[in-house]
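Read off the chains here:
Number of protein chains: 2
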Amino acid sequence: MSSALPHVYISEFKHHVGEQVRLKGWVYNIRSSGKLMFPEFRDGSGIVQGVVSKKDVSDSVWQQFETLTQESSVIVTGTISKHPKLENVYELHVSDLDIIHIAHDYPITPKEHGVEFLADKRHLWLRSKRQWAIMRVRHEVINAIRDFFNQRDFTLIDSPIITPNAVEGTTTLFELDYFDLGKAYLTQSGQLYGEASAMAFGKVYVFGPTFRAEKSKTRRHLTEFWMVEPEMAYYDLEMTMALAEEFVEYIVQRVLEKRKEELTVLERDLTKLEKITRPFHRLSYTDAVEWLNKHNVKLIKKAADGSETEIDFPWGEDFGAPQEEALMAQFDKPCIIHRYPAEVKAFYMKRDPENPKLALAMDMLAPEGAGEIIGGSQREDSYEALLERLREHNLPQEPFEWYLDLRRYGSVPHSGFGLGLERTVKWICGLEHIRETSPYPRMIYRNTP
Amino acid sequence: MSSALPHVYISEFKHHVGEQVRLKGWVYNIRSSGKLMFPEFRDGSGIVQGVVSKKDVSDSVWQQFETLTQESSVIVTGTISKHPKLENVYELHVSDLDIIHIAHDYPITPKEHGVEFLADKRHLWLRSKRQWAIMRVRHEVINAIRDFFNQRDFTLIDSPIITPNAVEGTTTLFELDYFDLGKAYLTQSGQLYGEASAMAFGKVYVFGPTFRAEKSKTRRHLTEFWMVEPEMAYYDLEMTMALAEEFVEYIVQRVLEKRKEELTVLERDLTKLEKITRPFHRLSYTDAVEWLNKHNVKLIKKAADGSETEIDFPWGEDFGAPQEEALMAQFDKPCIIHRYPAEVKAFYMKRDPENPKLALAMDMLAPEGAGEIIGGSQREDSYEALLERLREHNLPQEPFEWYLDLRRYGSVPHSGFGLGLERTVKWICGLEHIRETSPYPRMIYRNTP
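Note that the protein sequences, when read in sequence, are chains C and S. For the first sequence, the numbering used here begins at 231 and goes up steadily by one. For the second sequence, the numbering used here begins at 231 and goes up steadily by one.
Bound conformation, chain C alone (with noise of 0.2 Å):
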């Protein structure tokens, strides 16, 4: 690493067309036409083609290049020249190389491999063209999350990873020995942390890892993912609609912006992400639940002895991944339901004063399948209702008195929602499935590497 040439990341090539630079990455692959060898490089910022031409360079360098192979890590001198043909594209005119490793027999190859294979291999597979692009999305969804609250004056408060209480049961909770304070556990969301904060600090956004110890074996679940929950004083559930649906607008239409490269490595349809623009679409529940019933969306219904009946959709029940289809299928754009039954919606959720059957609560479902993105509510600010709640809802007080302070001392109507960054990542990639999302994924049957 002493050479005088200026080491160059190939993502900086544009500005630098026509010098001769050095490039510090691995070999990519390599074929060769006789007396011209094409290996293309990576170097972590992007991937170029060299052009190896037996009669510019000496022989040592054109012998060395053949015993190349593909991850073998490299530096390599070169000029820089644009694509005769190409727009955008650029290409590396070789003269000079040093091997730093000769990778022996890399497991990853151009086949096809199975899942899990590639599973166990996630800290080589995320070298591979298509893991690279998608986390370089996660990046960009992440600074993007982070801009958008930071731009209008959020206040980011981390909220505790390990929490003290399992008030709603453990089933779902992961258990550790906290020293001599006995059992504690992770996390499975900031938002009360983030309402007290909000007391504080006006308008704060959580954002850190979550658990859930859930034996859900789908391509949704993730048992360790991150989920940014921002929370306001002084909004109702209107503002907080706003906010997320303005919220999820900066962030596709961002990453339209900034990683055009990637999703075109992904293959993604960019003219449905071109379509994500305010207004979104709006349905109260009580609507949706009229428009399935319209349009003959069956519950189905499955009695003890197995056998199933189809029923019309009854005002009440939560929706399900038919319902959301359904609805969603209409739709080129994400759609808040807004106002569900109380019943089915958590004990924090203030009610609807022109309906109190009704929780102000809200979920956005995105299109293409992408299901909930986001849930949110107004939340009780009323000490006696937040009581009763706990109380309807079996839960004890003395873990929760803390959160009632918030509603002693100086309460104000306030709101937020989480948003689930592995999903959306999902949504906006346009992947099959959520393990491809998380740089080392963490579901009910593995964790490792």
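Keep in mind that the hints were calculated from the coordinates and are not lab data. What you were told as hints is all true, and nothing was included just to trick you.
Intra- or inter-copy, both count: the list cannot distinguish identical chains.
Heads up, simulated EDC-like pairs for lysine to aspartate or glutamate below, C-alpha to C-alpha not over 16 Å straight-line:
hint, residue 1, residue 2
1, K351, E631
2, K488, D383
3, K445, D407
4, K447, D410
5, K351, D635
6, K445, D410
7, K351, E628
Fit chain S to the supplied structure of chain C, relying on the hints for placement.
Frame of chain C; chain S shown alone:
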């Protein structure tokens, strides 16, 4: 919330001088003087003084003001004016008031409280001016960290929190049951995952919560804290030390630029922070030992019978707090100590080719007794050497097979470091105890609220 007057956050008052606006917030403090009242309002974005004049408001508004208590929530209408004497200070001349909720007996009063009492009420304590200021500095430090790496084309890669192995013993690990896969552990560092990711993305940073189940009751230890860990392919120790210096300078200068108001609330001596500019100091471990012995900084050796003897500091021993403090007393900038004895450092650190007794390690110590804020190294990139290190440290090979893969397939020189977020915030804010740097701190004897 139906009034037509615009809601303006206190932080934006400077752009609305002379305008009639609404403030939505809480009563921070209230004092009266005959026919004038001076309530201080806070709304999360700042604190502002209101002026209520009996002759300018209706009797009913005046009477309502007389009922206000600390932390009552209010919507206040008034006109913004510049403070008659103070620069960059604004006042709100009140014309109307909506009381949202009266707080009775708010437990944190302006008088002194014990720290355990305040910690129990952390969800309310965050509303106090000092805690508000610290969290806003924390927010800025986090944003500075992310911007620094994003601007330099690093890719954020989230390492997993749940990790499968406890190869170096379980004494400082939090343990949990992972379905049918047996015991799993909360991560202590994302470094190994960062290394794998650097081979795919070139320059990466891991930034998330990490955990130490250490029974340390010190002013510098949390059981849950955030750490940022950049890792760079094709970086040697020298480049990494330079990056670490640029990074710390950037963080401190950014906070100084953007959070002067908060640092002033904390009564921080700004001149100390203004000095944190490159070049920083650097000392090799060997030179540091020589300095200690030249300046008569002895090592206290405890014998089995409890008796203590003072000896010259022996080359090969790791530094403790007394040595670090003595070394740093001479500096008002951070100092990097590099090239430690390999024996006191981790197995993955590369040996110095010029002296194999040394590891290519570096620690950055901050001035003012703040201690270590960064630890890093060049990593061992030779497969054979790494295997030997594992054997020397009595570590099993199998759990490290994936990590050894990085040396099997296109190994490259690479380096990285970790910076502890909370220790950095503690230093910048000039705090005595690390517990105030975390919104909801977790310590050996505390995991609530």
